[in-house]
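There are 4 protein chains.
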Amino acid sequence: MESIKIGIIGGTGYTGAELLRLLARHPRAELRVLTSRQEAGKRADALFPALRGHCDAVFEVPDPERLAACDAVFFATPHGTAMQMAPALIERGVKVLDLSADFRLKDAAEFQRWYKLEHSAPAALAEAVYGLPELHREAIRRARLVACPGCYPTAVQLGLAPLLEAGLVDTRGLVADCKSGTSGGGREAKIGSLYCEVTESFKAYGVPGHRHLPEITQGLSGCAGETVGITFVPHLVPMSRGIHATLYARLRKPLADLRGLYAQRYAGEAFVDVLPVGDHPETRSVRGANVCRISPHLGPDGETVVVLSVIDNLVKGASGQAVQCFNLMFGLPETLGLDAPALAP
Amino acid sequence: MESIKIGIIGGTGYTGAELLRLLARHPRAELRVLTSRQEAGKRADALFPALRGHCDAVFEVPDPERLAACDAVFFATPHGTAMQMAPALIERGVKVLDLSADFRLKDAAEFQRWYKLEHSAPAALAEAVYGLPELHREAIRRARLVACPGCYPTAVQLGLAPLLEAGLVDTRGLVADCKSGTSGGGREAKIGSLYCEVTESFKAYGVPGHRHLPEITQGLSGCAGETVGITFVPHLVPMSRGIHATLYARLRKPLADLRGLYAQRYAGEAFVDVLPVGDHPETRSVRGANVCRISPHLGPDGETVVVLSVIDNLVKGASGQAVQCFNLMFGLPETLGLDAPALAP
Amino acid sequence: MESIKIGIIGGTGYTGAELLRLLARHPRAELRVLTSRQEAGKRADALFPALRGHCDAVFEVPDPERLAACDAVFFATPHGTAMQMAPALIERGVKVLDLSADFRLKDAAEFQRWYKLEHSAPAALAEAVYGLPELHREAIRRARLVACPGCYPTAVQLGLAPLLEAGLVDTRGLVADCKSGTSGGGREAKIGSLYCEVTESFKAYGVPGHRHLPEITQGLSGCAGETVGITFVPHLVPMSRGIHATLYARLRKPLADLRGLYAQRYAGEAFVDVLPVGDHPETRSVRGANVCRISPHLGPDGETVVVLSVIDNLVKGASGQAVQCFNLMFGLPETLGLDAPALAP
Amino acid sequence: MESIKIGIIGGTGYTGAELLRLLARHPRAELRVLTSRQEAGKRADALFPALRGHCDAVFEVPDPERLAACDAVFFATPHGTAMQMAPALIERGVKVLDLSADFRLKDAAEFQRWYKLEHSAPAALAEAVYGLPELHREAIRRARLVACPGCYPTAVQLGLAPLLEAGLVDTRGLVADCKSGTSGGGREAKIGSLYCEVTESFKAYGVPGHRHLPEITQGLSGCAGETVGITFVPHLVPMSRGIHATLYARLRKPLADLRGLYAQRYAGEAFVDVLPVGDHPETRSVRGANVCRISPHLGPDGETVVVLSVIDNLVKGASGQAVQCFNLMFGLPETLGLDAPALAP
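Protein chains in written order, with my numbering: chain Z, -15 to 329; chain C, -15 to 329; chain E, -15 to 329; chain P, -15 to 329.
Treat each hint with caution, since some may be false.
The list cannot tell twin chains apart, which means a pair is met if one copy fits it or any two copies do.
When the alpha-carbon atoms are kept at most 30 Å apart in a straight line, the in silico DSSO-like pairs for lysine-lysine are as follows [as the list claims (entries may be wrong)]:
1) K26 to K100
2) K237 to K100
3) K90 to K79
4) K174 to K26
5) K(-11) to K100
6) K174 to K100
7) K26 to K79
8) K(-11) to K26
9) K100 to K79
Worth flagging that the hints you see were computed from the coordinates, not collected in a lab.
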């Protein structure tokens, strides 16, 4: 079968490296272009030796013509780049998957407020589809431009959607206490991400406001059909990969079968795993895998629901989900290239 | 000055080892008896080489006479032991500090419900003082028997007391999302505590009910003057030491100076550090130190207070707090032997 | 194509779990029997949630008939089990791959000396083939019983074989300074393997003598054609997976192209990767992958060769190598089911 | 008693922070000046929250007059700074302790070869005393300028000195296989030191040549009375603190009491701990403590000595050793302020 020609823009970060790892095993994807201004001329496996033997790509300076010759282009760049380059690619028939924040917030003013940057592609923004397949599968199939969700928003939305869609909980006073591995902070040289600063410690950050809050609010409000109010506190965990969202919601009325609600909502979903009653998911159970494991609990007070939702932030929270969307956009089986079990221990 | 003769019962766990470390530096404490049935005859520093050069103690089988000759005895045992042995020691004039759960819950029925064990010393239980000096200092000074608080309850109570004492927040719907290092699980050979099971992973546990819940409820209700309702979810962090409590409460009415409330409440407290506005405490900033660092935040919705409270579970959450109580009980300066800064990185 | 029926005896440890992970992706292997006396009746994915969705196996008590109906049986047991059960299986036409130490040492007396156990199957021992494909490929193809090498011996032999086979270094005074992740110690509840005992620390162990020493000596002596003398010191690294062997040998005479020697020796080997000159392999570059990455260096003194050799102890050092042998024994492509890149970070 | 006025130049790295921690507890030291051009105006405890309550110092731009008013000045700077500033301070009667490499190598040409920098203070270099008290105590007492040893050289020299001083081993073919925690790489924002690059991995580095090699050779040659030949391979361990040196030497003739040799050599040394026969030191047993624990073993071949030597690279390998030298230079008890036990777990 013919392969699908792939370009990756900005492949030197952790989500870029993860895309390379996943696409190296994808039976239909063929990497044609891999860009990085800074590393141009260098082999990808010189930067990421884990890929030796699996990836012959060499970083190059972005060339519009070479990118336009691709069938699909992934942006694994900081925010601000995709909105500059994506519109021209779409025009020329390239399908675009953006792993950055550029097209996640439907309201350009909200984007500007949180990212301190005017949105330069409002038309593309209007067209962009939010790439959470479990909530927007059909739209993704038809999309030319997919905005892949942030890592925290993926874990939170998958965790709360069943309750909000069914109108079972208060839409005010939600709490999302989230914990992330350090790769969520990116592969940038900064003091706060040093081994010695992170290991054997735990802390919250961004309590006064984090960029994923408006994305979470937008997504959950879509589920609820009304604007939700949520307090979101992210924390940094001394580990590389993994997000654990602990979600608190107040039941509007008693619910007989909480786990059943989740099992039914996610029946048929290949990448959402509702655990047996009473289980607690570990992040390592999804390490390297494109899956969200969820366990809803009724708290001891009988009215607070506690939902535990875990993903690998680099896979279901970023690159794996992007490949999942890619499969949908190209009419491929949704699980293609995404069927490896997690690596534990 | 004359030294105070100390006995430690059950010194082979992490809280026992931490007591040995702290008391080795305490200018007035003199360790006379260190018991362990299993390790009897072995030097403590053979078990804990970090103590080489600082501790000559040898484990011995518990001997009532030798214990009764001490001025103070610490129990660093699993629950069930102190309630058997403490009453006789108290009778003979020994002051007792129990680091286990035996005397924490004032209601013996509640103890039995959570610990599956009938309480064998109801009179001692009635007499026991809860050893959280910032809430019960004067009673501790006069106590013969102190029940040292659990690690989670310490972090949660210090974090929420100012709000509850002042009646500023709803007493229902409180949330304590707590994260603990692995030493909280003890130095027992069990699969779940193995390095390979814990490292690079994060999980919740005990969502259906954890033994620290009734202790937290009891303590907070005392602060509030009414029974509080709280959802408590503990999590396991891939680190040795440290507890981070992220606490959520709903303001009853707007509050002008949240940090000021905390600064005032803890003014003069040597072991509670209220951080500057906007800061986020890291657990490593208290590693090895007998201090609780707290940072209260007002959430983006303007009505949810988010309090961040960190301690070292083995120090302020256990052995350090026990020494703090010991100092109070013997009329010593409260900070004696507890003035070392934290070790970071 | 018809599938090959597989049995695994003792699947509750880390090598057992890794076999399950690897075989779940193997296109020709079909797991028929998975035994554990202790966990009989329990689903494998209840013990190892990372396998949820990838493995439906249920532990059962070993049943000779059900095992004899398999085409191949893997032993992932402590030493002493395979030598009891393997001979009968071989008799009945089952091919056996033993991941324990039972058939590694060709000299039964040497086995008894190091493992304190008389060897009960000397005939099988005589027949057993040492399962290091890069040294014994043809014998493995024809074998009925393969003794899969230990993790340290794999890293050391692959690292030193080119020098010894070519007679380039002194065969006395070799040094193998080896470092292993904690999963090498197994999934047993023991104090020394607890998270709090391992994290943020580093130590040597077994300096007076380690069971892998005779295996290393046997293997290297085979390469050299004479008995070698080697000092082997294992160390414990605060990580789950990975072995790093740092190997020291004295050149008998100057060598022009050290890297060329290695590149030529391992040309065509799918699972040995000789790094570019000057590189230093990281264990994470092989995490989860069946590959040994090697980098030979000439030391500053011009006469000491320093070889760096890394593997994942659970994959190329155990279960992956077993699957590689399995492929050879059944005439399958050697890389079948073993082509996933490493997972980093 | 009068306090000794201290200045610290460059207090923003890990050795600087460790000096602050240690001096905060030193009964005679009074910190007067703390410099950092980059952080001038900022409180030290804002950078290092673990120091809150123990250190009121504020970073300032270096001012020669204020530094000259100190009794002692510590340089915790990258190489190249101390050789510019130290001579003027010495002239003005200030005692200088340099934690950088500027005055470690007695041969200025050798310095230039390894550090790519011409030495600008050859007279001071000639005067400088190498600050390893166990080898040069008397000279340190009289010194105006002390060059504090590197971390690896400390562990290696203390480990091999007894054998070399006694002429018991070959002086050629020595091997120092060393492993260091990540804080040895400094508190600089660089990709290679990121948490995600370091955790759960292990690697060698600098095999072709490391700057500590000439320092080690110089020190060991001094012990042996002849030029030694040693192969030194450093490795990076996924932990913050700790160095483990595994040292290999060939006995010239059989030795009856290896441990006795060490015990006798280090009798009376407060900061060298020779372990019981057969023990293996763990780096965590020295975490935060100014001690080197050593265990010499005779290898299975009966002629190779394997010495295990561990220190905390930031304490006995840097700041603690500097304070030890400081005590000697000012006629104080050598252990003053350095008597805290290690922190484990």
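Taking the hints in turn, this is what the structure says about them:
no.	hint	verdict
1	K26 to K100	between (33 Å within a copy, 27 Å between copies)
2	K237 to K100	neither (42 Å within a copy, 32 Å between copies)
3	K90 to K79	within (19 Å within a copy, 61 Å between copies)
4	K174 to K26	both (23 Å within a copy, 19 Å between copies)
5	K(-11) to K100	neither (34 Å within a copy, 48 Å between copies)
6	K174 to K100	both (21 Å within a copy, 27 Å between copies)
7	K26 to K79	within (26 Å within a copy, 46 Å between copies)
8	K(-11) to K26	within (21 Å within a copy, 45 Å between copies)
9	K100 to K79	within (27 Å within a copy, 51 Å between copies)
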